[in-house]
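Undergrad: Now for the letters of each chain:
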Amino acid sequence: MNVLTVMLNAGASLAAASSGALTLGSSGGASFWMPERASTVSADVDWVFNLITWVSIFFFVLILVLTVYFAVKYRRTEGRGAEPSPSHHTPLELTWTIIPLIIVIIIFYMGMKGYIDLRTSPANAYEINVTAKRWDWTFQHSNGCTQYDELFVPLGRPVVLKMMSDDVLHSLYIPAFRVKQDVVPGRITTLWFEATRPGIYNLFCAEYCGTEHSQMVAVVHVLPEEEFQARLQHCAQWINLVPEESLHLAGARLFSQCVSCHSLDGSRGIGPSFRETHELWGKEREFADGSRRIVDENYILDSLNNPGGEIVKGYANQMSSFRTMDDKRKRALAEFIKRLDEFELDANGRLIVPPLPTPQTPEGGQ
Amino acid sequence: MSTIHSHSSAETNYLTHSRGFLSWALTLDHKRIGVMYLVSVLLSFFFGGLFALVVRTQLIFPGMDLLTRDQYNQVFTLHGAIMVFLVIIPSVPAALGNFILPIMLGAKDVAFPRLNLMSYYLWLFGAAFFLLALFMGGIDTGWTFYTPYSTDADKGSQFAGVIPALTGVFILGFSSIFTGMNFIVTIHRMRPPGMTWFRMPLFLWATYATAVIQVLATPVLAITLGLLAMERAFGIGIFNPALGGDPVLYQHFFWFYSHPAVYIMILPAMGIISELISVHSHKHIFGYKFIAFSSIAIAIFGFLVWGHHMFTSGQSELITVIFSAITFSVSIPSAIKVFNWLATLYKGSISLNTPMLYALSFMIIFSIGGLTGLHLGTLATDIHLHDTYFVVAHFHYVMMGSALLAMIGGLHHWWPKITGKMYNETLGRIGAIGVFIGFNLTFFPQFIMGSHGMPRRYHDYSGVGWLPEMTQLYAPYHFWSSVGSYVMALAFFLTAGYLIHSIFRGRPAPANPWGGRSLEWQCSSPPPHNNFDEAPTVGDCYDYSVLEWDEAQQGYRWRPDVPRPGAGGANPYKH
Amino acid sequence: MTTSTHHAHDHPPHLAHHWETPQQQFDAGKLGMWLFLATEVLFFGGLFVGYSVWRGNDPELFQYGSRFLDTNMGALNTAILILSSMTMAMAVTFAQQSKQKALVICLVLTVLGGAGFMVIKYFEYTHKFHDGLFAGPAFYNGPPDPTKAHLWDPSLPVVTQEQLIAARMAAATTPPPPADATDAQPLTAQRSAIAPPQAGPSGLNLHANRASHDSHGKHDLLHPLQDPHRPVNAHVFFTIYYLMTGLHGIHVLVGMGVIGWLAVRAMKGHFNSEYFTPVDLVGLYWHVVDLVWIFLFPLFYLIH
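Chains as they are written, first to last, in the numbering used here: chain A, 53 to 418; chain B, 229 to 803; chain C, 0 to 303.
Fair warning: there could be bad hints in the mix.
Unchecked claim - Rough simulated footprint, nothing fancy, chain B against chain A, three-plus residues with beta-carbon under 8 Å:
#: 1; segment: 100–107
#: 2; segment: 203–212
#: 3; segment: 254–266
#: 4; segment: 340–347
Don't read these hints as lab results, they were simulated from the structure.
Being a predicted model, the structure only gives us computed values, none of them experimental.
C-beta: ideal position from N, C-alpha, C; glycine also.
If we strip away everything but chain A, and leave its shape as in the complex, we get (with noise of 0.2 Å):
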């Protein structure tokens, strides 16, 4: 990119970012200091943050104006030197130690009295089982349908989410919900908000992990009740209606779950770009241990059920196992990565998604 276009664009940006400001500051209870309100909690994190800095407007103001006052009115000038006054008045002190004493106090107890309902979920919550690797977030519901980096909610329904983590630490984080909670592996997690706004958010990670950390960065959709179940049932079934001969346009939809580490412009990532693999197509390709293998449908298969088992050359072993996937989205994958020549990129290198040939044209569920 050139320089000019970057400068050209952030102009752009920072015009559209200014106005979007305010206009933002209108809409979702958002504000100059908080985002957009979406959950039951926000107004009341909000209301205390307000607090906060107003109390801390009124010290900072106190502080600065005598700062200014005094330096300006005390300022050493020609024959004027330091006035006698007392150096210590213990009254004075105590009373700059009491009362920021109780406001404090005030303000902790306002602050425990919102964690205790951040962190008391509702007993009849619908609970999602969440897990973090890196740089992913996937989402399983219990009627099995799984999102990758996108996130179903129901309108004024608790959720509850159960977090666990692959491997290293990340931390889910909603900004408009005013949530976070840190994914910890080998324990389990939990977060639960109830969304009060109908829209889509963005949620991220914000515990530092790696290389990706600023993509690991996922879409919450809060949608009314209806079609929140509708959506579900999409979700978990849309493969079903698929006919054997599109698989590979199912496949396409599926990719967005291997986009952070396989390329499909043969430019190396994480793992070795799906162009390779399917130049390989019908022929050998050699694996770090030296042994061999035809690359068809099912080394596809092997290598989602059991990724450790055949590395690439020159790549680490960083992919988990997509064992519980059913068997027809694996094959999906496998016709995907073998018609590859089939799909067209666009200008960004992204995948141009071809609509399935089915009446019913999901969107957003996988």
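Given the coordinates of chain A, assemble chains B and C onto it according to the supplied hints.
TA: Just chains B and C now, with coordinates in the frame of chain A:
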């Protein structure tokens, strides 16, 4: 010249006392060791600052590709590790403290001069390990070395510099411990007759409190990093969950040191500010005992609050609430100090010179840094703000805007004493104001984008999955933050320029250019090898009424009509 | 004025220029030493905290692991260290009384005590190394040379970590077996061919079995790798054991070196009632090293 060094009977000062490379490399003189520390720390600051500029440039626009993601991760790790371990922790205690502390106390040297020199070489050795880490492939773990990312070379950081960097920090830790031990013993055992505890300048109280933290907290960091290195090298299964370890235990160990370490950074800075505000207002410090005891209180409370770095880590809710409660206790002694400084300014004779401008900047910046700490100590809001740019802005306001600017203010204050030269006052003021503006422009926008949810340690704020409105939301704040960092860099280069210039071309400094009462202003500038040609007069170190301006020296001198107080109290060592 | 005060006192060769009196220098040295010892205590303190966290999380690891430590050797080492602490204390007294010969003898005895401690430690360590009881993942490789391993029974299969975890999960999901189901599961069945199970019918209740291990002598122990009743992550116990005793061992070695140096200086007659600071300070260090062991011994060897 002879008028300027009028009362100096010695022909030489500590700089000219002996010559040659070895006379510096093997010196046991605390002043020379302090100067060597100062040069080393400022050099490290230069490199740490360069890394910061690279980080800010990468973030100035969304989608920048100045650095690859891995390079970015390495650069922010190095920026953090260098600034914390090589710059801020040794800056005031080891560099300025080494030079000033014994003179301020009226001692001839620190208690263990050889140990002092060894501390310096340990520092150099530790810094060399950082270089080694760079050449061995770098580190990308963040300065916190969180497990299991840092311990697993396959799944986590594949960069091979982790163990050398851990070794470096381990060694730097011992450098810090030995400096702390030296200062504690010096203050306990080397006070001259008349220098009672409550006659000590507040800088000494602050350094003393710091030294206590250094001695008590750093060993825990040493053992933690030792365990971490063994975990990475041999997989001993202490912190790595795959081997039966507990990653949260590492965080507890790490913050048990690293939270008190924040006070290792800020307490001496507060000590400097107490001196600067009083001296440059020619006004007795207000609430001496409250300031002194608040330093001790901060040192004690500082040991009890480490869990506030871990509110979202998965530690138990009860512990979280307890840590939050104790955390607020730290805010009280800090508030006491700020109000006492304000009261000191009241009715003073305030000289708005360079050191004082830094001190006033400190008051404003530290207020912001401290008050935003309330947002982070409060549980309900910290859950939202943790690991965002709000935290980044908060700790830069405290660690950089407060600790480091106080150090630079102190450097200007004691520059005439250290080098014997005066710097250009006009350029000094321009530099101080430039740093203040640049600093706030850099870090204030980070508060806003942080509270809007921008996570820290992100290489980019656009890409797959990013909603365009989020990218647009964060973009202007990142842009202005980067612009601010350039302003700050320019001001720092200006500062470096006129300071270096003054060494060669500066006007010779008088013994007491500011009218300070503490003992270092009673010896010549620069001080003689043995610190004092005549025994210094110990009195109330904040009583400025006994000094008057001497036009001939361009400095202050003792008023002839006021008798010098005799040494009060008996020397316990003289029988 | 300061210079004149200097020369008013006689400035002994061991008094550095920045001190006024030997007493002041001695006091400073002593305070410095106490501070150094405080850092040592915190250094070990980190490990002791780690120990208690681990013990709190997985008490069975420690109950199980301590069986493989030799209490007799540990007790002997404790006695030796306490004795050496005594000779060190005597050395300080003799130094203060300017008794050169007694001082040298006591210092040499102290060094010998440290050496005895290290020799016994050496035997303990090599014993475990022969059995393959290593720290970290090497633990799961088994004995490097099975013929030297006295716990290893070649006729028994190795129980892997995965099998242990699977057995635990099964135990957690199935109801407790009936009282007579001795052969209900294969792992104990293999074991019963060699010797009767430790506590009768065990099923998969791993904890119930371990409770009675005290009634067994050392030679009834199974090698941990072959023991279906060992806790998951049994290696962690040995990791912590080697870390803490190893770090303590390093401190003993350092102490021996420094006391040896004191002995040489004492032979040259450097110490007398006027100047005995180094003996006094090293004595403090040696007592702290001793004290750390006084904590390590019960924590690893005695408490089950």
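Undergrad: Taking 8 Å as the Cβ threshold, is the statement that the segment 100–107 of chain A is covered by chain B upheld or broken by the three-residue rule?
TA: holds (count 5)
Undergrad: Are there three or more residues in the segment 203–212 of chain A whose C-beta lies closer than 8 Å to some C-beta of chain B?
TA: violated (count 0)
Undergrad: Count the residues of the segment 254–266 of chain A whose CB lies closer than 8 Å to any CB of chain B, then report whether that count reaches three.
TA: Holds: 12 residues of the segment 254–266 of chain A have a Cβ under 8 Å from chain B.
Undergrad: Mind taking a look at whether chain B covers the segment 340–347 of chain A? Criterion is 3 or more residues with CB to CB distance under 8 Å.
TA: Coverage by chain B is violated for the segment 340–347 of chain A (0 residues, Cβ < 8 Å).
The earlier numbered hints that this structure contradicts are 2, 4.
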